[in-house]
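Engineer: Just so you know, the sequences run in chain order B and Y.
Residues in the first sequence are numbered consecutively from 1, following UniProt numbering.
Residues in the second sequence are numbered consecutively from 1, following UniProt numbering.
Do not take every clue at face value.
To be verified - Result set (DSSO-like, lysine-lysine): computed pairs, CA atoms no more than 27 Å apart in a straight line:
id, chain 1, residue 1, chain 2, residue 2
1, B, Lys581, Y, Lys387
2, B, Lys125, Y, Lys367
3, Y, Lys426, B, Lys582
4, B, Lys163, B, Lys192
5, Y, Lys404, B, Lys581
6, B, Lys581, Y, Lys457
7, B, Lys521, B, Lys548
8, Y, Lys190, B, Lys125
9, B, Lys166, B, Lys192
10, Y, Lys367, Y, Lys387
11, B, Lys247, B, Lys491
12, Y, Lys234, B, Lys582
13, Y, Lys404, B, Lys582
14, Y, Lys367, B, Lys91
15, Y, Lys190, B, Lys81
16, Y, Lys458, Y, Lys426
17, Y, Lys234, B, Lys125
18, Y, Lys458, B, Lys581
19, Y, Lys404, Y, Lys387
20, B, Lys125, Y, Lys426
21, B, Lys491, B, Lys541
22, Y, Lys457, B, Lys582
23, Y, Lys354, Y, Lys426
Said to hold, decoys possible - DEER-style ranges, computed between Cβ atoms:
id, chain 1, residue 1, chain 2, residue 2, range
24, B, His90, Y, Glu390, 30 to 40 Å
25, Y, Asn368, B, His90, 22 to 32 Å
26, B, Asp454, Y, Lys457, 44 to 54 Å
27, Y, Thr114, B, Arg253, 36 to 46 Å
28, B, Asp454, Y, Glu390, 35 to 45 Å
29, B, His90, Y, Asn384, 20 to 30 Å
In short, the hints are calculated from the structure, not lab data.
Because the structure is a prediction, the values reported are computed rather than measured.
Idealized CB from N, CA, C, for every residue including glycine.
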Amino acid sequence: MGVDEQNYVDSDAENASSLRQLDQPSNTASSEFSELEGPIPLFTVPEGGAGAFNVNEFVLRIMAVDNQNKGSDIVENTSTKDMQVVLSEHKEGATAYVHHFNLLDLYARGYVRPICISYITRDPKKIMCHFEDFLQSFSEVTEIFKSGNRQIFRKDISLQLDKIDKLKNIQEVEDITGRTPETMSEYITDLKILHGGMEEEEDSIELSEENSTEESALKDIIVSYFNTPGATLRTLEQLCGQSMYSKGKKAIRDAWRMLKRPAIVLALEREDQYFFESGSCNLSMGSSFLMNFSALYDNLSPDISKSVSHDDMKSWASYVTIGRRGGQDALDAYRRQEEMDLRRPSIDTSENTVSPDPSPRLGRRPESPSWGRNNPLSLSTPGPLRDWGDISIDSESDSMVSAFTPVKDHLGGDSSPETTHGSFKSRRYDKSIENFSANIWNVANTTSGRGLLDLRNRYNSLFLRTVMFSLLRGRTVIILGNNYNETAVGKLVTCLTSFIPGTSSVTEEEEKKKIAKVTSKWHTKSIKLSDLSTLKLIGMKRDITLPKVVERYVTIWDYEAETILGPPYTGNLLDDLLSTKKVWPDENTFLAHIQCILFDLAIKVYIMYQSQLYASTEKDKRSSNEGPGSPDRAHPYTGRTKPETPQQPPGSTRKMPQISKVFRSASESNLLRSPQKETSHNWSKNIPRNDMQIIEHLVEIVKMRQVSWYHQCTGQPEAPGVIQLDYSPVRRFKNSRK
Amino acid sequence: MDQIFVPEQQNTQTQHRLLLLGERQGKKSPEGVEKSLGLNDSGSTWSNFWRGFGWNIADKNKPSHNITHNGPSKRVARNIFSVLPGDTQWISCILVSRWDNISGPRVEHVWSGTETLGEDNLMSVSRQTLCGELAREDTDENASVESKFHLLPEIGYCFTSFVFTAPYGQNAASSRFSLSIVVRMKLYQKYLMLHNIVEDRMLQLVSQLQTLLVKDWSTAINVFSVQLQPFVTKMEDVFHSSLPPPLLSRTFVHHPSQYTPEFISRVVTSHLQTHGSTIIIGSDPERINTFIDSLCMFNISWNERHRSSHCRSPSTFIPDLAIQGVVTTTISEEEVIQSMLPSTVVDLNTFIVKQTPPFHEYNILRKNYLRSQLDSRDKSLQENPWKAQELFRVVKTGAPLVDKLLGELYGCPTYLRTPFLVQSVKLLVRKAIQLIRYVQAEIERSHVRQLEANTVKKIRVHMDLGQESDFYLLLGIAEKLFPGIYVMLAGDPAFFIELQFIELFESF
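One chain only, chain Y, in its complex shape (with noise of 0.2 Å):
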């Protein structure tokens, strides 16, 4: 259980960190900031009316400054706050809002990491997320989350945001909620490349804070505050990890004879198979290193290099990294499965490489493995009692193209091969941009969602991919730059499923 603020105690701290915020924004007094807090409180009925909805109607017989500083008095309460399970270094805060039918926005609840937010800035954050939503159709609790990005230069903070259908109050009311994460404005780029794992992970907890406040709205904030630290150690992890400059000489592009080729080309081949994304497992941490700098040279981005890690201490597994090394004999399942792509799994010690199935059915075991750990947590189990069935599969053979590229790499006088690897690697993207050509005309001339087993053979044999391998080394890297392609070729599982459903019940 997090510790709840004494609003006494807090009341000096919470200024003393308005006043700093103030200072660096050089805009606000000291004044102007206790003003913000409410403790001026002459301000017109009419304008806190209007702010209400997010307009801020200036009086014209009035200087505008005697207006702008008014602010509700009691929008924000002072027992909210509570500090951000889990240490953090960016998350300026996380906020749950609800928007009130009398008062308009409200701010619910505030897990404060790095800073305690002013209650200009909460409202702020409050009215942006939720100021619109009023009125929509689609207020019933099944309705879709919404998801918003905000970048705020005026208050320094930029924040995503996620709006929610959810009972409320005495009668269950049908609420408009809002769970936003907030960070500095300074640190939007590095957020940027990490968009796509906090908007997964967001999801999941809004589905978490859903079923919480279902069962039970008044215990729901302090259950879902414990809920909040896996998400926050592990959003830590993958915020600082990142990988210093390769030492070149030592990877195995310029010593390849720590490897057997044959293995080399297994690891990369399953490497770009699963997009990139690849978990080295061993004993010795500078020897998983130094393999995580050669395999980091194969990634078709640069940016991927900002979300991999060397071996860390204490060292564990961190989902969604790109690349990563953790020093261990084996990984579970059940930590894979975190992931939103497929991985790899390459063992140093006994040089066996495995990888989870293919994109389109990993998508449907993640799915089920998300759904059995909500529905534990709704049952208050203490574990998941999910299971994958052979979640890994080893990789026997290396892909012709792997084959051909590191023959031609090991050909190169050693100056060479660094610019000559980029250059294949970007071969490769080319060729896997043909792939995506190829099937989206098939795609438009047949006006299908997803091709024929014969027109997949067809484009095949037309691109020389008769092996299975290069086959599903090209749409690993396609559906990175195309995503959806993988459904378009190799078919929807959840679809077979159901089809395979049908079949079964009218053989009957």
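For reference, chain B alone in the conformation it holds in the complex (with noise of 0.2 Å):
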């Protein structure tokens, strides 16, 4: 367990040929099985990665039957789909998954050589689970193959054809081969039909023009028609072209990676996805996915109609407060800044007003670029997924509805086959955000959280509390340090990313962008205060001198020093997180405990988030309810006519139903007590002060993604940044563990 062996075959038999992959410890081998030598490794992933396997006698087996096409013509026998076999192989203790496809070949026997691309594994319950995404994967990668391979093809039969053509005297060939007529023009009509079918397709490879004499051409038609003894096949790359064999091999070692990771990330993966491709109000932390927020729940509750949608997300747009700490407070403060060239702060994006026009459905995005990737259907030749008719591939199709539908209606029977919807959808493998479990396993695609551990145990409760109630609420952790020390502070800003709340963006590239700007591993520029709406944790140059107006609103960590100045922590919810009583065995295990907390502290938020949300929609209607006169209808959007809405922070005079009760401990909530009586409750009592901020902060996040989304949505420009200007007394605080 743990590791994972990899081994990947290609071989080509007679007709066919294999590629394959062996799960723990890691490689993967490829072998061809040629039409004059039988079956033979091609190539493994990694290299030189089969190790003990035997892969000569796993070939053999694989190859040993036959996968063409027994139509009753050529081009039937030309186009043969692919197919895929799961079989157990005891003796090595292995499972492997075999994909079968073709490709097609002047020079082979029935123009075509079948190749096979296997993928092996020590765990014998991984493929059966996670069938699909290796079927999804495995056929994006023949797909690439074959759609090079068609274009050399097709280029081979026009240079044929063209080469007969100039041939004064067919009768030559015959003389020669000792063929009979017949049999030369049937080739010559084999070569017509395959060359009208690939006609159909695209139609934009340019031939090269070879000066080819009569008697080179007649030489290549005799080697090409007739196999000579002695004559080798083709290899992979000169079948599929060099661009496309390479495009191919990369995605060969892509999809390895990827089905490589244990199958419990697979599965978690899998089960994230319900909720991951809303999205518009995704949450994360750092790089992991935490939670969705959008209202795709409620689909679950069509009986409960108070549920809110999120076609009420216009409301938002009138509450893009930011709480007390961007609202009038910022204005204040910009006021006091003339002298400084300053954005405008988000409360004035408000008059950016949402047109009131019905929104498109939020939380489910037509098209995303970054789904391409990933979509069958975005493959420009016909894929075998595609040809299977009976499977739909959906991606819009709603999983969690899906999730609740009758099975039997989804079978149908046999005039309905248009209905598997659902589970064959193309899965979102985006790369900056994934699913948490990818870290702890340590198959992240970043390091972020690595070093939490020593981080723990290096400094003392205080200080790295005082670090982290920054990071969570948003406020703008600098660490300083000299030149020799780059390296070191940039592995802790590194490690800490893990704690800045973020948004998991709609596209990749947008993501990409936004991370890069959230973080500054080594700054050597000074930064202004505009700079505090995107960069949250920096490590910056001692020398580099901060800016008054600046360092008031930041929390300052002096790595030489190892001091802190920043708002002290006084909640609770961290305790858990840095008590040092607990022992954990390796980092993995801490950052598995980091994630449960994180997404305990989520499931407050979204409780909080909700509440707010079902508060305003309720308010909404009783505003419609008190006529069409009255001003709040006139201008429904505006911060302006609800003056009000900015200026305070949410829930503090909002109705707040009942959810005090959810943040209660188990100790204090009676099982027995009636669920149905609601009393009305202080909330802010019950949590401390500086866990609400944090909870405040990350509601904020959400919305403002919301609306954000929202404006994307109806085609207005994005809002700018926030910057939140915290004026929390600070402390000192010294690092007395050594």
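Build the complex from these two chains, which are given one at a time in their own frames, with help from the hints.
Structural biologist: Put into structure tokens, the structure is as follows:
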């Protein structure tokens, strides 16, 4: 367990070849079964990865069966669909996924060269549990090879026909080979049929001009038509073209990297997918996806009409308050800092009023560019997935809803084949936001969070609490260090990235930009107040002097002196996180522990968010009942007409029903108490103020994301960033632990 | 005894079905089908020979379409077709094939379910399963059973096969057999969900067939036909089970007053401890169904809804469903032990919650049961003599983790309860993952297969799992995500029994 061994074989049999992979410890091999020599491994991924696994025997076994189409004409015979096999290899203790496909080759018997790719793993359940992932990944890979191959094949035929045209006397060929005119004309007919079939596809290939003489043309035709003994078959590279071959090999490596991850990571990723794909309102911490705040859950309870739909998002536009910190306070601060060139604070963005047009369904984006990468539908050529007719690939289908749809409906009868929606959907592997388990099992793309256990052991609790509190509430942390500590500070920045809350963006590019802006490993320029709207964690050269106006709003960590200047934390949320009473055997376990705590926090944030949303829609409903003459109705989405909205901190006076109960500890909540009985409660008393600040900040992040999403959907310009001006009193702490 | 088709009678029917098949696939003309049935005998001997080995050698001197349909005409005899016992709506057919040292793969018998496959397709299945199995080193009768799953979009079917060795013929020579279940391509997604169950049942069938072939190869297939019936009937039930969209407003998540919180806590605790598999028994079907809808919301995976069922009519127990309702007052141990996973039994009349032993102990009990069942079949006994000693244990209290969850859940306003519950279950999953990671780290550090008691104690302390019920709850979730963790933590009971024996003998 743990280590993943991958082994990858590519073989080309008489008409077949194979590629495969082995899981645990890591390697991949490839082999070829040629018409002349039988099955030979082509290559493994990673190289030399087959280890003790008997690749030759395995290839012989998987290539033993012919996968050719027994169709009635030449076109059918050359267009065999891919075939997939999962088989166990008890002797080796392995299980393999084998993907057979055919490449076209004018010089091969029957014009086809069946190839196969296989993936071999020691985990007996992994492949069948994630069969569709394997199927999809390898279908994409074969599609790359096939598309390159089609171009080469078409070029081959055209050249061949060209040469035949140039021949003055076909009799010459017949004389040399001793074949009858009939067979030769059948060959030419075959070529013409195949050429006709190919022309229907892409017509973009430029034929290279070859000045072939009649003599060389004659020789070529003889070689290609009658396989002369000793002639070698073309390599995979020659069959697909250099660029497509490299692209295909890269795709194989990518697929291997994706699939070699432990089965548990694949399974959790699949579960998360239900929640992740809604796009607009995901909350993440560092690079780990935490929770989706969209109203997808409302689909779970269609009969509970009270739930708030995201079509009510319009009302959020009037809510762009950024709590007490980003609101009026911010404006005042800006007025005092007139000499600085400031961006307009976010409160004004609500004046970019959202049009009251019915918004597109939020939480589900109709077309997302980043989906194309994994969406089989985006492939330009007809792939095996679409050929299956029976299976419809629908990335838009709502999994949450389908989870509650009776399966009998899915199955249908023979008469309704287009019914299997839902589970066969393209999976999205966003490089910047991943499932939390990827980090725990060391297979993440980033190293954020690495070193946290050392950090916990190195600094005392009070020190770290201040750092994390600042990060979680959105107060920028600057780590000052000398030049010679640049690497160490950079590592600290990477490590603490996992505590920077953010929202996963819609496109990968956008997300990359954002991640780049949120942290800066080594800043050598002075920073402006406006930088604080994006930068949350900065490693900085000590020589740089911070402007006074910035210094007051940031937490400063002196790396060499091991001191920190920032608002002290008095809550209890981070206690469990940093407690040294608990012993963790390794960093991964500690990261898993952190993820539990962060998720628990996210649940609280979710409850807060939903109740605010609920309160606001209830309020809208009430105001709409007041009649059309109401001033709120005249400008329902501007901050000005609802002056009380931006100025009040969320939740302080708004209706906040029953939420407090959720925050109570288990001992306080009595199971026997009537759940319907509601008591008015001052919720702020139950949660320490600092913890509430964290929760509020996270709620604001989600809201901001939704508003910007709404602006995107309605084609309005993106709202400018928000600067949080935090006036909390600060204290200096020194690390006491050595 | 199932009906055996008379060849002449079946012929027209088969052809008719095959024509339909050809039309649906849009490929084969009626003439092509006739050829594929072996009515055209102009095939070349050599191509037939090579086809026997799975290779289609196209003669370049002839256009390929002249060759490809000249299949071997005697490979599938007409008297091997029979109807699959039990009524099925999803299994296309089940077939047994054998590797013949002279003619290659042969179809030994076909039980047609929803349709009769053409000879070409049947031969495809045989070839795919048996080619490549020749000349393998481990071909004695004790060789392990190899499993294969094929997706053949070309012919529109997928099939799962098990390749095994058994004696055959007058001289009882070891032969390679395969038992395959063929399903239409369009059903493969649902099939994938049930693959584990099908695999388990098919392995049982393979054991039965092997035993029969050892006993008397000539009557084995006929006896086996009878034994197929329970398999087909039970798989049919599993295949069609699924829950309709629930009426959430009626569930105990929104109306807890129907039951005491303490009872709900016990049920949910045991449900999660037994990997989400629960049987609800009682006398009122409607009440049972609402209870099932409620309990489903605590499942850790959405797919389990597709393996659950409300009360059915007639109300019977179906092994291996995640959650099911049975209108009865009692459920026998012999029924419950057939499931692969431990089960919780909730009695809505008496409010008693019972559960089978934990996963690692349950596995041993089930193995004993299956062995005893095979033995009793072998000896032609009417009943399985297996008796479990106290299969069920009563669940007396709920786990603190569940109490906390329910407390917070019922503290939520109604409109938030469903999402809150979804997230809370996800939090439990994260805790289970932390447990998995902890155990893995300790295993890697100490290079052992299972942890010592002290280490387990340490893990429980640091993960705040002081209560046994909490610990088993997280283990129940963890085992689903990471098979094998139960044995790593709790030890292999089979191993313990062995140790006890050693100690016993050493003491003398």
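Engineer: All the hints need checking, so say for each whether the structure fits it.
Structural biologist: Hint check:
Proposed proximity of B/Lys581 and Y/Lys387 is contradicted: the alpha carbons are some 48 Å apart, above 27 Å. For the given pair, B/Lys125 sits about 20 Å from Y/Lys367 by alpha-carbon distance, which is consistent with the 27 Å threshold. For the hint linking Y/Lys426 to B/Lys582, the alpha-carbon distance of about 23 Å falls within 27 Å, and the restraint holds. Distance check on the hinted pair: B/Lys163 and B/Lys192 sit about 13 Å apart at the alpha-carbon level, within 27 Å; holds.
With a C-alpha separation of about 23 Å, the suggested pair Y/Lys404 and B/Lys581 falls inside the 27 Å cut-off, and the hint holds. Among the hinted pairs, B/Lys581 with Y/Lys457 is consistent with the structure: their alpha-carbon atoms are about 15 Å apart, no more than 27 Å. Between B/Lys521 and B/Lys548 the alpha-carbon distance is near 22 Å, which keeps this suggested pair within the 27 Å criterion. The straight-line distance between the Cα atoms of Y/Lys190 and B/Lys125 is roughly 17 Å, inside the 27 Å bound, and the hint therefore holds.
Simply put, B/Lys166 and B/Lys192 have alpha-carbon atoms about 15 Å apart, close enough for the 27 Å limit, and the pair holds. Taking the CA atoms of Y/Lys367 and Y/Lys387, the gap is about 13 Å. The hint holds against a cut of 27 Å. For the hint pairing B/Lys247 with B/Lys491, the CA-to-CA distance comes to about 34 Å; that exceeds 27 Å, so the pair is violated. Using a Cα cut-off of 27 Å, the hinted pair Y/Lys234 and B/Lys582 is violated, with the two alpha carbons roughly 49 Å apart.
A distance of roughly 22 Å separates the Cα atoms of Y/Lys404 and B/Lys582; the hinted pair therefore holds under the 27 Å criterion. In summary, the hint linking Y/Lys367 to B/Lys91 is supported, as the alpha carbons are separated by about 23 Å, within the 27 Å threshold. Under the criterion of a C-alpha separation no larger than 27 Å, the hint pairing Y/Lys190 with B/Lys81 is consistent with the structure, at around 22 Å. A distance of roughly 25 Å separates the Cα atoms of Y/Lys458 and Y/Lys426; the hinted pair therefore holds under the 27 Å criterion.
Our distance criterion of 27 Å between C-alpha atoms is met by Y/Lys234 and B/Lys125, whose separation comes to about 23 Å. Of the pairs offered as hints, the one joining Y/Lys458 and B/Lys581 holds, with about 12 Å between alpha carbons and a cut-off of 27 Å not exceeded. Among the hinted pairs, Y/Lys404 with Y/Lys387 is inconsistent with the structure: their alpha-carbon atoms are about 38 Å apart, more than 27 Å. Taking the CA atoms of B/Lys125 and Y/Lys426, the gap is near 23 Å; set against the 27 Å cutoff, the hint holds.
Restraint check for B/Lys491 and B/Lys541: the C-alpha separation of about 14 Å stays at or below 27 Å, so the hint holds. At most 27 Å may separate the alpha-carbon atoms for a hinted pair to count; Y/Lys457 and B/Lys582 meet this at roughly 13 Å. Between Y/Lys354 and Y/Lys426 the CA atoms are separated by roughly 25 Å; this keeps the pair inside 27 Å, and the hint holds. Checked against the hint of 30 to 40 Å, the pair B/His90 and Y/Glu390 passes, with Cβ atoms roughly 36 Å apart.
As the Cβ distance of Y/Asn368 to B/His90 is approximately 24 Å, the hint placing it in 22 to 32 Å holds. For B/Asp454 and Y/Lys457, the hinted distance range of 44 to 54 Å is not satisfied, since their beta carbons lie about 27 Å from each other. A beta carbon spacing of about 42 Å between Y/Thr114 and B/Arg253 agrees with the range 36 to 46 Å that was offered as a hint. For B/Asp454 paired with Y/Glu390, a C-beta distance near 50 Å fails the hint of 35 to 45 Å.
Roughly 29 Å separates the CB atoms of B/His90 and Y/Asn384, a value that falls within the hinted 20 to 30 Å.
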